[in-house]
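Trainee: Residues per chain, in single letters:
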Amino acid sequence: MVTPVIGSLERRAVVARLLRDRDGLLVVTGLGSPSYDVHAAGDHDGNFYLWGAMGAAALVGLGLAQAKPDRTVMVVTGDGEQLMGLGGLATIAIAAPVNLVMVVLDNGHYGETGMQRSHTGLGIDLASIARAAGFAGAVTVTEQAGLESAAQSIRSRCSVTAATASARRRCVRRTSPASRTWSLAN
Amino acid sequence: MRTIAIDDRAGAAGVEPLDWPKELYRVLKQHDVRQMSYVPDAGHSRLIELFLADADVVSNLLTTEEEGVAIAAGAWLGGQRSVLLMQSSGVGNCINMLSLATIGRFPLLMLVTMRGEWAEFNPWQVPMGLATEPVLAAIGVRTLRADTPADLVETVRSAATLAYDADQQVAVIISQRLLGTKQW
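Which chain is which? The protein sequence lines are L and Z, in order. 165 is the number that numbering that gives the first Met the number 0 gives to position 166 of the first sequence; each next residue is one higher, with no gaps. 125 is the number that numbering that gives the first Met the number 0 gives to position 126 of the second sequence; each next residue is one higher, with no gaps.
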């Protein structure tokens, strides 16, 4: 069993960076801390926060992306929430939306229930699963430099309406479990 | 595998049997349905084929039915109407996900083909067949049952209005008697 390397990224800073200068970006968040993180970066009419229906975030993002092909949709969720919807990766991969970006804040733990280790915390690599499902651009980001690169990539897509399927990108980020925040108000 | 229509009362009377999958497709198009999601199902096969051939509707093949509940919510957030096609066994896969539709008051239209009730030969279909309507009611989804093709078309028309105009979560229950006996 392998314990993945936990990077130096702090989740709130990661989310704030990704949402900086968001323009027309639409955001769907997954149950738990990712919803708090996105809200903490500043509430916005283009946000939809899930606080239940575990496993739904990516698929809500798919339905929205299909309905709004001229807008970029970013799903921000956690490793536990995404693990409950692994089959959804196959559904999204064959649907092949060009305007959907998925961000998984992977701290290797279930935050809502008391920080028990998740499957990724026990060695499962979400980015590899995503790549195998057809997300050719899936990357794991563990350091600030990688985050900047990913943020630029997402940003450039916000102004491009005719992207190609190969431009789909699913970014898996590892964040420190110690950096978790429990409060809704921040 | 093929199905034999049992409800051929119209045919017996010398009238052409109602092509209900085509009628359902028409009704859903009239209601401006733009997204369809499904897990392959014999009872829905014709309706699925009609949607797959329609370039104006985005169709999503699902790995499990609950994904379609989430897609429908996302579609509505983006201003589009969605329909979710499944078999009764799939209802059991959806229960917690349906809290998304009910708590968010997302319009939801599910068309559910029944197994486990009329001349069922597979015992594994029976428990979920018995549970389908009770569990939908328990989670807050209204069920409307149709036992004949003509009734089905009108029921779907009514359900579509309830869902898309009155923000309801509705499942149309398509009886196994209407669908016919599965032959292997």
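Some hints here could point you the wrong way.
[To be verified] In the SDA-like style, the derived pairs of lysine to any residue whose C-alpha atoms are separated by at most 25 Å in a straight line are: (1) L:LYS67 to Z:PRO122; (2) Z:LYS28 to Z:ASP55; (3) L:LYS67 to Z:ASP146; (4) L:LYS67 to Z:ALA41; (5) L:LYS67 to L:GLY23; (6) Z:LYS21 to Z:ALA41; (7) Z:LYS28 to Z:ASP18; (8) Z:LYS28 to Z:ALA41; (9) L:LYS67 to Z:THR63; (10) L:LYS67 to Z:LEU49; (11) Z:LYS21 to Z:ARG104; (12) L:LYS67 to Z:LEU76; (13) L:LYS67 to Z:ARG104; (14) L:LYS67 to Z:TYR163; (15) L:LYS67 to Z:ASP18; (16) Z:LYS28 to L:SER152; (17) L:LYS67 to L:ALA15; (18) Z:LYS28 to Z:LEU17; (19) L:LYS67 to Z:ALA52; (20) L:LYS67 to Z:ALA54; (21) L:LYS67 to Z:LEU17; (22) L:LYS67 to L:SER152; (23) L:LYS67 to L:TRP50.
[Stated by the list, open to error] Stretches of chain L that chain Z covers, calculated by requiring three or more beta carbons in the stretch to come under 8 Å of a beta carbon on chain Z: (24) 8–20; (25) 60–68.
Worth flagging that the hints you see were computed from the coordinates, not collected in a lab. Backbone N, C-alpha and C define an ideal beta-carbon position, used for all residues, glycine too.
Trainee: A separate judgement is required for each hint: does it hold in the structure or not?
Mentor: Verification of the hints:
1. Distance hint between L:LYS67 and Z:PRO122 is unfulfilled; the C-alpha atoms sit about 43 Å from each other, more than 25 Å.
2. This hinted pair checks out: Z:LYS28 and Z:ASP55 have alpha carbons roughly 10 Å apart, not beyond 25 Å.
3. Restraint check: the Cα-Cα separation between L:LYS67 and Z:ASP146 comes to about 37 Å, which exceeds 25 Å; the hinted pair is violated.
4. Restraint check for L:LYS67 and Z:ALA41: the C-alpha separation of about 31 Å exceeds 25 Å, so the hint is violated.
5. About 11 Å separates the Cα atoms of L:LYS67 and L:GLY23, which keeps this hinted pair within 25 Å; it holds.
6. For a cut-off of 25 Å, the pair hint linking Z:LYS21 to Z:ALA41 stands: about 15 Å separates their Cα positions.
7. Of the pairs offered as hints, the one joining Z:LYS28 and Z:ASP18 holds, with about 16 Å between alpha carbons and a cut-off of 25 Å not exceeded.
8. Among the hinted pairs, Z:LYS28 with Z:ALA41 is consistent with the structure: their alpha-carbon atoms are about 21 Å apart, no more than 25 Å.
9. Under the criterion of a C-alpha separation no larger than 25 Å, the hint pairing L:LYS67 with Z:THR63 is consistent with the structure, at around 24 Å.
10. Our distance criterion of 25 Å between C-alpha atoms is met by L:LYS67 and Z:LEU49, whose separation comes to about 23 Å.
11. Restraint check for Z:LYS21 and Z:ARG104: the C-alpha separation of about 29 Å exceeds 25 Å, so the hint is violated.
12. With a C-alpha separation of about 9 Å, the suggested pairing of L:LYS67 with Z:LEU76 holds against the 25 Å cut-off.
13. The hinted pair formed by L:LYS67 and Z:ARG104 meets the criterion: a straight-line CA distance of about 20 Å does not exceed 25 Å.
14. Between L:LYS67 and Z:TYR163 the alpha-carbon distance is near 18 Å, which keeps this suggested pair within the 25 Å criterion.
15. For a cut-off of 25 Å, the pair hint linking L:LYS67 to Z:ASP18 is broken: about 33 Å separates their Cα positions.
16. Among the hinted pairs, Z:LYS28 with L:SER152 is inconsistent with the structure: their alpha-carbon atoms are about 38 Å apart, more than 25 Å.
17. About 24 Å separates the Cα atoms of L:LYS67 and L:ALA15, which keeps this hinted pair within 25 Å; it holds.
18. This hinted pair checks out: Z:LYS28 and Z:LEU17 have alpha carbons roughly 18 Å apart, not beyond 25 Å.
19. Pair hint L:LYS67 plus Z:ALA52 holds up; C-alpha atoms about 21 Å apart against a cutoff of 25 Å.
20. With a C-alpha separation of about 16 Å, the suggested pair L:LYS67 and Z:ALA54 falls inside the 25 Å cut-off, and the hint holds.
21. With a CA separation close to 36 Å, the supplied pair L:LYS67 and Z:LEU17 exceeds the 25 Å bound.
22. Annotation: proposed proximity of L:LYS67 to L:SER152 holds, straight-line Cα distance about 20 Å (limit 25 Å).
23. Of the pairs offered as hints, the one joining L:LYS67 and L:TRP50 holds, with about 23 Å between alpha carbons and a cut-off of 25 Å not exceeded.
24. With 0 residues having a beta carbon nearer than 8 Å to a beta carbon of chain Z, the region 8–20 of chain L misses the requirement of three or more and the stated coverage is violated.
25. For the region 60–68 of chain L, the proposed coverage by chain Z is satisfied: 8 residues have a C-beta within less than 8 Å of a C-beta in that chain, meeting the threshold of three.
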